[in-house]
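Asks: Assemble the complex: chain U is given as a structure, and chain V must be docked to it using the hints.
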Amino acid sequence: MNDKPVFSIKDCALITRMAGLDSALNIREMRERVAVCPIECLYHHFCETVIRPTFDDPEFRNDFSIWCSTNLGEKKLAEQLGILNPYDFNNLEELRAKMMEIIDERLSELYYIPSAQIGEDFQFMRAVTVVFDTGKQIHSPDDLIRHIPFMSDSSLYYHFVEAHRRTPESTDDFTVFLKDFNHEYQPLIEEFARIDFYFLNLHELRLALKKAIESIVGAEVPGA
Amino acid sequence: MPKSLLDYEEIVGKINISILRQLAENLKGARVVHVNSTRVGGGVAEILDWLISLMNELGLEASWEVISGPPEFYFTTKTFHNALQGKPASLTKTMVEAYEETNRQTADKLRGTLEDADFVFVHDPQPAALLEYCPNRKGKWIWRCHIDASRPYRRVWKYLEEKVEKYDASIFSMPSFAQRLPHPQFIIAPSIDPLSNKNCELDPTEIRSALETYGIENSKPVLTQISRFDRFKDPIGVIQAFNMLRETIDADLILAGGGASDDPEGQMVLEEVLEAANGDRQIHILNLPGDAHRMINALQRASTIVLQKSLQEGFGLTVTEALWKEKPVIGGNVGGIRLQVHNHHTGFLVNTPEGAALRMRYLLRHPEELEYMGKTGKRFVQENFLLTRHLREYLTLMLGLRRGLANYLITE
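For the protein sequence lines, the chains are U and V, in the order given. Here the working numbering = 1-based position in the first sequence + 155. Here the working numbering = 1-based position in the second sequence + 50.
Careful: at least some of the hints might be erroneous.
What the hints assert, rightly or not - Keeping only pairs whose Cα atoms sit at most 20 Å apart, straight-line, the calculated SDA-like set for lysine to any residue is:
{"no.": "1", "chain 1": "U", "residue 1": "K291", "chain 2": "V", "residue 2": "I67"}
{"no.": "2", "chain 1": "V", "residue 1": "K78", "chain 2": "U", "residue 2": "G290"}
{"no.": "3", "chain 1": "V", "residue 1": "K64", "chain 2": "U", "residue 2": "R301"}
{"no.": "4", "chain 1": "V", "residue 1": "K428", "chain 2": "U", "residue 2": "L357"}
{"no.": "5", "chain 1": "V", "residue 1": "K216", "chain 2": "U", "residue 2": "A174"}
{"no.": "6", "chain 1": "U", "residue 1": "K291", "chain 2": "V", "residue 2": "N66"}
{"no.": "7", "chain 1": "V", "residue 1": "K425", "chain 2": "U", "residue 2": "D212"}
{"no.": "8", "chain 1": "V", "residue 1": "K64", "chain 2": "U", "residue 2": "G378"}
{"no.": "9", "chain 1": "V", "residue 1": "K216", "chain 2": "U", "residue 2": "G175"}
{"no.": "10", "chain 1": "V", "residue 1": "K64", "chain 2": "U", "residue 2": "D308"}
{"no.": "11", "chain 1": "V", "residue 1": "K64", "chain 2": "U", "residue 2": "L357"}
{"no.": "12", "chain 1": "V", "residue 1": "K64", "chain 2": "U", "residue 2": "V286"}
{"no.": "13", "chain 1": "V", "residue 1": "K425", "chain 2": "U", "residue 2": "D211"}
{"no.": "14", "chain 1": "V", "residue 1": "K64", "chain 2": "U", "residue 2": "H302"}
{"no.": "15", "chain 1": "U", "residue 1": "K291", "chain 2": "V", "residue 2": "S68"}
{"no.": "16", "chain 1": "V", "residue 1": "K428", "chain 2": "U", "residue 2": "T209"}
{"no.": "17", "chain 1": "V", "residue 1": "K428", "chain 2": "U", "residue 2": "P208"}
{"no.": "18", "chain 1": "U", "residue 1": "K291", "chain 2": "V", "residue 2": "T461"}
{"no.": "19", "chain 1": "U", "residue 1": "K366", "chain 2": "U", "residue 2": "F305"}
{"no.": "20", "chain 1": "V", "residue 1": "K64", "chain 2": "U", "residue 2": "G290"}
{"no.": "21", "chain 1": "V", "residue 1": "K428", "chain 2": "U", "residue 2": "P213"}
{"no.": "22", "chain 1": "V", "residue 1": "K64", "chain 2": "U", "residue 2": "P304"}
{"no.": "23", "chain 1": "V", "residue 1": "K64", "chain 2": "U", "residue 2": "T289"}
{"no.": "24", "chain 1": "V", "residue 1": "K137", "chain 2": "U", "residue 2": "G274"}
{"no.": "25", "chain 1": "V", "residue 1": "K137", "chain 2": "U", "residue 2": "I273"}
{"no.": "26", "chain 1": "U", "residue 1": "K291", "chain 2": "V", "residue 2": "N76"}
{"no.": "27", "chain 1": "V", "residue 1": "K64", "chain 2": "U", "residue 2": "S307"}
{"no.": "28", "chain 1": "V", "residue 1": "K425", "chain 2": "U", "residue 2": "T209"}
{"no.": "29", "chain 1": "V", "residue 1": "K190", "chain 2": "V", "residue 2": "G162"}
{"no.": "30", "chain 1": "V", "residue 1": "K64", "chain 2": "U", "residue 2": "I164"}
{"no.": "31", "chain 1": "V", "residue 1": "K64", "chain 2": "U", "residue 2": "Q292"}
{"no.": "32", "chain 1": "U", "residue 1": "K291", "chain 2": "V", "residue 2": "R71"}
{"no.": "33", "chain 1": "V", "residue 1": "K428", "chain 2": "U", "residue 2": "H358"}
{"no.": "34", "chain 1": "V", "residue 1": "K64", "chain 2": "U", "residue 2": "P377"}
{"no.": "35", "chain 1": "V", "residue 1": "K425", "chain 2": "U", "residue 2": "P213"}
{"no.": "36", "chain 1": "V", "residue 1": "K425", "chain 2": "U", "residue 2": "H358"}
{"no.": "37", "chain 1": "U", "residue 1": "K365", "chain 2": "V", "residue 2": "I65"}
{"no.": "38", "chain 1": "V", "residue 1": "K425", "chain 2": "U", "residue 2": "P208"}
{"no.": "39", "chain 1": "V", "residue 1": "K64", "chain 2": "U", "residue 2": "P208"}
{"no.": "40", "chain 1": "U", "residue 1": "K230", "chain 2": "V", "residue 2": "N393"}
Just so you know, these hints were derived from the structure itself, not from any lab.
Looking at chain U on its own, in the form it has when it is part of the complex (with noise of 0.2 Å):
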């Protein structure tokens, strides 16, 4: 019986839909909804922004921030909410409560309640992911680091980012592959666990696992 491990490399596409919530014009609305929304909700607004196409490359992660910085000016909860990192909390509600702490605490500072322009307003979202199989396996650490820096964005995203919210340990994909090669891997694990990855796009996602492997490797390994 043959029980080494095997790496699949899957691949996933994201398509975003309504979440069916009224939108927000100002924040004591956006609070509103934050309190009440579908979890999937948050989770869209806060980690596959990453993966959705855009024309800009924003200075925050999140699309609460965003509009509260661009369509209401209001920059101090923007950067508030802006440091918060998803992955940090047990589960979403624990990032809701956070959030919806944060909101309080600047609209009981506030004297007047900034709102954006009719046409500008915050607009709930979630998406359907599909994941999918590519046919491609991997059979030995080696392998797998040698394919990571030409995985497709979207799988890299799949394993690495979201990896973090369906594995039991929360980490990523590749780390429970290497960590069933007793401790040789276990330097490049540390490596990728120091990754800041919700804070990167994933341009600098796959630079950034390139830059771990080399620094286990000791040189330079092909790829983007």
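Replies: Same frame as chain U, but now just chain V:
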């Protein structure tokens, strides 16, 4: 000649084509019908041109049907179009009859194809009533709205809403365009075909010759707006801005409109534009046929700056096209233009002819910014707004609808 996926590999990379093939594996043999109101002219026809061919290459059975009717039908659907964009309009009994009769007749003709299809994509309001004349439909019906319907004229929307709420899903180009409907509403931004006549690379001689055709000098800055002759595109505002610019900088302005067979107002607006230009030899008003794609491509590439000073806009594909050609865009601060144009990065958003004049002057005085913005714009289009991303989202949507729209679907 239709392009194949292999042709796009060089531009978008092998891996993106491979993703399409893997997604499509789960949709092999699915019968997909698209219905719109014109085969030539306008962004929808351009999208369907490549979408059908690539879906077929991926193993789906895709086809394209067109609804056509008498002048009253087009008058009514143009009214719908304007009303969806917020223009007040009255809907008479005769107009409703013309609209419904054309839809009924088209349904009679296409019933077999439509009712047997696994997926029917009905584009914009023109064919939206087809669904109610196909009671034995088997597949999923999706209404694809390409128009900025964020603030529709309510009385007309109320009528259309009754037609579209019966669909299984709808698609809008931007979240803010969506209307509340009792079914899932998806967001798919449109895209451009980098290999089409309108967007492919051109030889410099072809670009020069396009300018010569219209007696435009190559030595002066060329400012161009490409769009239908439509009041929402504000061609008069562009002429006003150009006149302000010329107080300090000599330049040529091209206003080129591609005709669409479903737009009866175009001629009227064209006459207004000619009157506003007042015979000025440096304002070139070109009424191009709907298939003048290479000419439009050449004019965009010959331009120093591209304008899209719309007062209301759907996604604004002409902006995407210009960015793809490394041209900064001065665009109206509306609709999808806001998504694409970022001040000092890909162009400037403006609200008035004065704003457009100010930004044109600024850019012409800062050639280094022209270059930076051109390169930035092209990079964003390459990464996100080419047709392969668009096709991927259609496939994802179909898979999602087929599997009951869970948040997370794992295919075999």
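Asks: Run every hint past the structure and note whether it holds.
Replies: Here is what the structure says about each hint:
1. Taken as a hint, the U:K291 and V:I67 pair is honoured in the structure, with Cα atoms around 15 Å apart against an allowance of 20 Å.
2. Of the supplied pair hints, the one linking V:K78 and U:G290 holds, its CA atoms being roughly 17 Å apart against a limit of 20 Å.
3. Taking the CA atoms of V:K64 and U:R301, the gap is about 18 Å. The hint holds against a cut of 20 Å.
4. About 18 Å separates the Cα atoms of V:K428 and U:L357, which keeps this hinted pair within 20 Å; it holds.
5. For the hint linking V:K216 to U:A174, the alpha-carbon distance of about 19 Å falls within 20 Å, and the restraint holds.
6. The suggested pairing of U:K291 with V:N66 holds, with an alpha-carbon distance near 15 Å, which does not exceed 20 Å.
7. For the hint linking V:K425 to U:D212, the alpha-carbon distance of about 14 Å falls within 20 Å, and the restraint holds.
8. Under the criterion of a C-alpha separation no larger than 20 Å, the hint pairing V:K64 with U:G378 is consistent with the structure, at around 14 Å.
9. Among the hinted pairs, V:K216 with U:G175 is consistent with the structure: their alpha-carbon atoms are about 17 Å apart, no more than 20 Å.
10. The straight-line distance between the Cα atoms of V:K64 and U:D308 is roughly 13 Å, inside the 20 Å bound, and the hint therefore holds.
11. Between V:K64 and U:L357 the alpha-carbon distance is near 18 Å, which keeps this suggested pair within the 20 Å criterion.
12. About 19 Å separates the Cα atoms of V:K64 and U:V286, which keeps this hinted pair within 20 Å; it holds.
13. Under the criterion of a C-alpha separation no larger than 20 Å, the hint pairing V:K425 with U:D211 is consistent with the structure, at around 13 Å.
14. Restraint check for V:K64 and U:H302: the C-alpha separation of about 15 Å stays at or below 20 Å, so the hint holds.
15. A hinted pair counts as satisfied when its Cα atoms are at most 20 Å apart, and U:K291 with V:S68 qualifies at roughly 12 Å.
16. Between V:K428 and U:T209 the alpha-carbon distance is near 12 Å, which keeps this suggested pair within the 20 Å criterion.
17. Between V:K428 and U:P208 the CA atoms are separated by roughly 14 Å; this keeps the pair inside 20 Å, and the hint holds.
18. Taking the CA atoms of U:K291 and V:T461, the gap is near 15 Å; set against the 20 Å cutoff, the hint holds.
19. A hinted pair counts as satisfied when its Cα atoms are at most 20 Å apart, and U:K366 with U:F305 qualifies at roughly 14 Å.
20. For the suggested pair V:K64 and U:G290, the alpha carbons sit about 15 Å apart, so the restraint of at most 20 Å is met.
21. Only pairs whose Cα atoms come within 20 Å are accepted, and V:K428 paired with U:P213 is accepted, the gap being roughly 17 Å.
22. The straight-line distance between the Cα atoms of V:K64 and U:P304 is roughly 14 Å, inside the 20 Å bound, and the hint therefore holds.
23. Taken as a hint, the V:K64 and U:T289 pair is honoured in the structure, with Cα atoms around 13 Å apart against an allowance of 20 Å.
24. For the hint pairing V:K137 with U:G274, the CA-to-CA distance comes to about 16 Å; that is within 20 Å, so the pair holds.
25. Between V:K137 and U:I273 the alpha-carbon distance is near 17 Å, which keeps this suggested pair within the 20 Å criterion.
26. Using a Cα cut-off of 20 Å, the hinted pair U:K291 and V:N76 holds, with the two alpha carbons roughly 17 Å apart.
27. Straight-line distance between C-alpha atoms of V:K64 and U:S307 comes to about 10 Å, which keeps the hinted pair within the 20 Å bound.
28. Annotation: proposed proximity of V:K425 to U:T209 holds, straight-line Cα distance about 16 Å (limit 20 Å).
29. Pair hint V:K190 plus V:G162 holds up; C-alpha atoms about 15 Å apart against a cutoff of 20 Å.
30. Among the hinted pairs, V:K64 with U:I164 is consistent with the structure: their alpha-carbon atoms are about 16 Å apart, no more than 20 Å.
31. Annotation: proposed proximity of V:K64 to U:Q292 holds, straight-line Cα distance about 18 Å (limit 20 Å).
32. Restraint check for U:K291 and V:R71: the C-alpha separation of about 14 Å stays at or below 20 Å, so the hint holds.
33. For the hint linking V:K428 to U:H358, the alpha-carbon distance of about 16 Å falls within 20 Å, and the restraint holds.
34. Our distance criterion of 20 Å between C-alpha atoms is met by V:K64 and U:P377, whose separation comes to about 17 Å.
35. For the hint pairing V:K425 with U:P213, the CA-to-CA distance comes to about 18 Å; that is within 20 Å, so the pair holds.
36. For the given pair, V:K425 sits about 17 Å from U:H358 by alpha-carbon distance, which is consistent with the 20 Å threshold.
37. A threshold of 20 Å between alpha carbons decides the hint, and for U:K365 with V:I65 the separation of about 18 Å falls inside it, so the pair holds.
38. Between V:K425 and U:P208 the alpha-carbon distance is near 18 Å, which keeps this suggested pair within the 20 Å criterion.
39. With a C-alpha separation of about 19 Å, the suggested pair V:K64 and U:P208 falls inside the 20 Å cut-off, and the hint holds.
40. Restraint check: the Cα-Cα separation between U:K230 and V:N393 comes to about 19 Å, which is no more than 20 Å; the hinted pair holds.
This entry satisfies every hint, going by the numbered hints stated previously.
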